[in-house]
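Protein chains in written order, with my numbering: chain Y, 1 to 432; chain D, 1 to 280; chain S, 1 to 291.
Derived by calculation from the structure, the hints in this document are not laboratory data.
As the structure is a prediction and not an experimental result, all values here were calculated from the model.
Treat the hints loosely; a few may be bogus.
Claimed, not checked - Once the Cα atoms are required to be at most 20 Å apart in a straight line, the calculated PhoX-like pairs of lysine-lysine come out as:
| # | chain 1 | residue 1 | chain 2 | residue 2 |
| --- | --- | --- | --- | --- |
| 1 | D | LYS196 | D | LYS166 |
| 2 | D | LYS7 | S | LYS33 |
| 3 | S | LYS10 | D | LYS7 |
| 4 | S | LYS235 | S | LYS152 |
| 5 | Y | LYS43 | Y | LYS318 |
| 6 | Y | LYS318 | Y | LYS34 |
| 7 | Y | LYS136 | Y | LYS404 |
| 8 | S | LYS10 | D | LYS185 |
| 9 | Y | LYS136 | Y | LYS180 |
| 10 | D | LYS132 | S | LYS33 |
| 11 | D | LYS104 | S | LYS10 |
| 12 | D | LYS166 | D | LYS132 |
| 13 | D | LYS166 | D | LYS105 |
| 14 | D | LYS196 | D | LYS267 |
| 15 | Y | LYS234 | Y | LYS180 |
| 16 | D | LYS105 | S | LYS10 |
| 17 | Y | LYS67 | Y | LYS313 |
| 18 | Y | LYS404 | Y | LYS234 |
| 19 | Y | LYS67 | Y | LYS43 |
| 20 | D | LYS267 | S | LYS101 |
| 21 | S | LYS10 | D | LYS189 |
| 22 | Y | LYS428 | Y | LYS129 |
| 23 | Y | LYS129 | Y | LYS347 |
| 24 | S | LYS235 | S | LYS74 |
| 25 | S | LYS67 | Y | LYS404 |
| 26 | S | LYS74 | S | LYS152 |
| 27 | D | LYS106 | S | LYS10 |
| 28 | Y | LYS121 | Y | LYS67 |
| 29 | Y | LYS136 | Y | LYS428 |
| 30 | Y | LYS420 | Y | LYS129 |
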Amino acid sequence: MSKRKIARVMSVVMGIVMGMASLTGCAQSTSDDKVEVELVSYKPEAVEAFEEIAERFNATHEDVYLKIDSPNEAMTILKTRFIREDYPDIVGIGGDINYSNFLDADLFMDISELEEVRTVKQSYLDMDKELEFVPKEGTYALPYVANAAGILYNRDMFEEHGWQIPETWNEFIALCEEIKASGIQPLYLGYKDTWTCLAPWNALAVGLSDSDTCNQVNMGNTTFAEEYRESAEKMKVLLDYAEPNPYAYGYNDACTAFARGQSAMYPIGSYAIPQIKSVNPTMNIDSFTFPANEAEEDNVLNSGIDLQFCVMKNCENKEAVYEVLRFLYEDETIQIYLDNQGGVACKEGDFEIPAELDGMSTYIENDRMADYQDHHYPSEMSVDAMMQTFLLDNSEDAVDIFLKRFDTDWERYNRDLIRKVQQYQQEKGDAQ
Amino acid sequence: MMKKAQKTNWVLTIVLILGTVTVFFPLYMAFIIAFKQPSEMTNDVAGALSFPVKWSFDNFEQAMEVTDFWHSLGNSLLITLTTIVLAVLIHSIAGYVIGRGMAKKKSFHFIYLYIVSGMFVPFSILMMPLVKQTAQMGLGNRVGVILLYLVFYMPMNVLLYSGYLKNIPVALEEAADIDGASTWKTYWKIVFPMMKPMHATVAILTALGTWNDVMTPLVIMSGTGQNTLPLAQLNFQTQFGTNYNLAFASYILALIPILVFYIICQKQILNGVANGAVKG
Amino acid sequence: MRKKMTNRDKTFWAVIIPVLVLFFTFNTLPMIKGIIYSFTNYRGYGTYDYVGFRNYIDLFTDARVGKSYLFTFKYALAGTVLVNVLSLIMALGLNSRIRFKSALRGIYFVPNILGGLVIGYIFSFIFTYILPAVGNTFNISFLQNSILASEKYAWIGVLIVGVWQAVAMNTIIYISGLQTVPQDVYEASVLDGASKWKEFWQVTLPLVVPFVTINLVLSTKNFLMVFDQIMSLTKGGPAQSTESISYLIYRNGMDGGQFGFQSANAVIFFLVIVAISVFQMTVMNKKEEQL
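Okay, chain Y solo, but in the shape it has when bound (with noise of 0.2 Å):
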């Protein structure tokens, strides 16, 4: 019979298939005898920034090649990666919920040795610490760039009709109703996209309760109930000052109608300001900290690592990811990144603060400032797709309901942290 035809058939179709895998295998190998060090970075939009940086790099490196890939929607990407166990050798990534659970799952190299450690501006070390599930001996991150969030206003505007950058949250909301009262509409929040709800929550929440609120309760001492109503409560009232419908409108809408003047503020973070300005390049954009108190002395300014980098463990090439992190923390190289993307630079050191950032000025120079509460909420937990629910229910105990929600899916979400958090407590009583 047809063995051999048989098998000749199989042959060919084995062929086809290998033919195939030899038209994708060939994309990998590089440049001559280089060592490549491939870092991915979660921010998309500082892609040029970054592609000047690569050039340089590779322009001043005879043995190391620098690939530098920031895809849009990295974070899942990134997290696929994972999965698939395609780790890229550095990983540029915010300091948030995210850091801590890879951190966990134990896949960073501690960097400790790396002289670039020791000039890194101290809160921000302190801030990376914080997001530690577990104390851990080490240091996994070399903080590059930080944001600040609070609102940012359409200068002339304000010039232009005399209003004073308030201070207290009174002072605030006589404030947005003297510019509707001039036909102006305040605030455009764009919150159809569910993170956009967590921008003035976060800045919000860091005025209103403390740096460590989800640290208290997992350690059951306190409950969201308590901290968080006021912050939900403001969060209600920002909506009467801001576009009919939020909910229909996303970021990308927001920025562009803040930019062409459709709204006097926005409640969103620095990063959005380089988006603000590819619509209206002109625009004169300052800021100022979100005056979520009564008091002016009891705000403080929300501010978050908004990029690091960590170096993968089973890296193979230490001393070539050391080398591109030593280019990368160079004064130079962080210029031309806070040139492009704005932003506050973690390194000690006479880096200008961006114009847009004047208004929030002293509170960067004088350290009052705290970290995003969402960078320790869990993202499975889903609190701005929570946030946005809450702000959709128009019921009389609406706020009721969401801090009960608040309390009830934290515990749900965070069960195994919990344990684990007082496990260590357990272990460390027993080790005293």
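Since chain Y is already given, all that's left is putting chains D and S on it; use the hints.
Only chains D and S this time, still in chain Y's reference frame:
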């Protein structure tokens, strides 16, 4: 009586022609916006539906560049075409073997049920383990996506082929058998050509499914630098969301290849789809 | 003769074994793995523990999962009914004595060949900007706000797009069903003096019932697995009101660190789909036999 029956129903014809607006309107709007400049976009109906001031292909050129159009198109073509060819070759012989074997043996009937029941397995249950598995096997790339399509479409295609086989008399094969031809040869020489109508159906159904699929390439090969056309749109959306004109130019570009293909092969496609339903 | 048959058998097995291996490796094996993962608290990376049936117990108390099932069923039910009614009407129209028959059939099929993702983006623009603009111009209050921004009605927006695309396929299937109705059956009914309406119920419908089965099973399954439209139109919002099961599994399983939990969700989802399909087919088979 007969005369009356053959009269054209003009009222219905007109209603149906007017109804095509529901098909054309979204496409027309996308097309118009793709040619406009951001400054031409106003917040009223006329602004959205009027012709652009100038018919310029700038948006398209720019969109081609940012989405790496030719590369994505190439990937989509490579994946779809390879899948179709392999599906017709492999699924047809699998359908043949199962269909003929089923008639005589219990074991083949069991195999038939095993494969066809795969139709009920939602991709979501396979997705997460597959991401891991394909990566471990070095298949987190276009080859992996093709292999997965071959498996995902196997239940439907085997069902179609083995169903169609009932129309082909066994006597033909038996005659060839007596002439001393091997089963293998008989299949490719006699049976395979006779299943031609089903090949068209299988090719079209498989092609429509793979060409437009987002989820498989999204989870299997995102981050590898390789995009398919729909995947490129997904990436594009987040990156340049503020520029609707550019975005729509890119959407139109993504729709054109399949539209052109449809216009050329409309008859075969409609027949193929109908055929698949009747035989399935 | 006997030897020849064994040769034939050999060829059969030589073909079927590789096919089975392929199918097992990429369909059954990952399914088994998925079931195993569903008993862990795996995040997708790092270490994990077996947690027994905790994920399954959580599934039944998780409000978000419950909501996604509710949405998906509501969507699938409304979608299936709408699509089948609309496409049967369309098929009757396109199969009657009209002009430009093939051109019209061709045009009405276009939505089906276009990708759900891009169509979703186009409709998203229509819902967000065009319809509200129409509402403002003509003072139609329910159009003034984007339907996608409404917690109550966003699912209808998603439904419109889903139906717009799905009607095309089912219409084609119904047309081929109508064409199998023998002409003399019609003529007989005309001679009987049956009215159009009566003719449809008593003559046409019973004959196309097998096609109703196909269409119901096909469209229910497709609607239950809705993903592209969610991704492009609402991303599950507003207020998680349009999160489909597939979308939730993707979003939280891949991105949200719930690899284990969402695997359990996927297992349940699989059982639900099988149950519904089997139910539909047995019911419809009985109907067919009755007729």
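Status of the hints after comparison with the structure:
Only pairs whose Cα atoms come within 20 Å are accepted, and LYS196/D paired with LYS166/D is accepted, the gap being roughly 14 Å. For the suggested pair LYS7/D and LYS33/S, the alpha carbons sit about 62 Å apart, so the restraint of at most 20 Å is broken. Among the hinted pairs, LYS10/S with LYS7/D is inconsistent with the structure: their alpha-carbon atoms are about 60 Å apart, more than 20 Å. Using a Cα cut-off of 20 Å, the hinted pair LYS235/S and LYS152/S holds, with the two alpha carbons roughly 15 Å apart.
Using a Cα cut-off of 20 Å, the hinted pair LYS43/Y and LYS318/Y is violated, with the two alpha carbons roughly 24 Å apart. Only pairs whose Cα atoms come within 20 Å are accepted, and LYS318/Y paired with LYS34/Y is accepted, the gap being roughly 14 Å. Between LYS136/Y and LYS404/Y the CA atoms are separated by roughly 32 Å; this puts the pair beyond 20 Å, and the hint is violated. Among the hinted pairs, LYS10/S with LYS185/D is consistent with the structure: their alpha-carbon atoms are about 14 Å apart, no more than 20 Å.
Distance restraint check for LYS136/Y and LYS180/Y: the Cα-Cα separation of roughly 51 Å exceeds the 20 Å cut-off, and the hinted pair is therefore not satisfied. For the hint pairing LYS132/D with LYS33/S, the CA-to-CA distance comes to about 10 Å; that is within 20 Å, so the pair holds. Of the pairs offered as hints, the one joining LYS104/D and LYS10/S holds, with about 14 Å between alpha carbons and a cut-off of 20 Å not exceeded. Taken as a hint, the LYS166/D and LYS132/D pair is broken in the structure, with Cα atoms around 40 Å apart against an allowance of 20 Å.
Distance check on the hinted pair: LYS166/D and LYS105/D sit about 16 Å apart at the alpha-carbon level, within 20 Å; holds. With a CA separation close to 16 Å, the supplied pair LYS196/D and LYS267/D stays within the 20 Å bound. The straight-line distance between the Cα atoms of LYS234/Y and LYS180/Y is roughly 18 Å, inside the 20 Å bound, and the hint therefore holds. Only pairs whose Cα atoms come within 20 Å are accepted, and LYS105/D paired with LYS10/S is accepted, the gap being roughly 14 Å.
Pair hint LYS67/Y plus LYS313/Y holds up; C-alpha atoms about 18 Å apart against a cutoff of 20 Å. Distance restraint check for LYS404/Y and LYS234/Y: the Cα-Cα separation of roughly 17 Å lies within the 20 Å cut-off, and the hinted pair is therefore satisfied. The suggested pairing of LYS67/Y with LYS43/Y holds, with an alpha-carbon distance near 15 Å, which does not exceed 20 Å. With a C-alpha separation of about 12 Å, the suggested pairing of LYS267/D with LYS101/S holds against the 20 Å cut-off.
With a C-alpha separation of about 19 Å, the suggested pair LYS10/S and LYS189/D falls inside the 20 Å cut-off, and the hint holds. Distance restraint check for LYS428/Y and LYS129/Y: the Cα-Cα separation of roughly 18 Å lies within the 20 Å cut-off, and the hinted pair is therefore satisfied. A hinted pair counts as satisfied when its Cα atoms are at most 20 Å apart, and LYS129/Y with LYS347/Y qualifies at roughly 17 Å. In summary, the hint linking LYS235/S to LYS74/S is supported, as the alpha carbons are separated by about 17 Å, within the 20 Å threshold.
Note on LYS67/S and LYS404/Y: the hinted pairing holds, with a Cα-Cα distance of about 18 Å set against a maximum of 20 Å. The hinted pair formed by LYS74/S and LYS152/S meets the criterion: a straight-line CA distance of about 13 Å does not exceed 20 Å. Straight-line distance between C-alpha atoms of LYS106/D and LYS10/S comes to about 16 Å, which keeps the hinted pair within the 20 Å bound. For the proposed pair LYS121/Y and LYS67/Y, the alpha carbon gap of about 27 Å is over 20 Å, so the pair is violated.
Proximity of LYS136/Y to LYS428/Y is assessed by CA-CA distance (about 13 Å); at most 20 Å being required, the pair is judged to hold. With a C-alpha separation of about 17 Å, the suggested pair LYS420/Y and LYS129/Y falls inside the 20 Å cut-off, and the hint holds.
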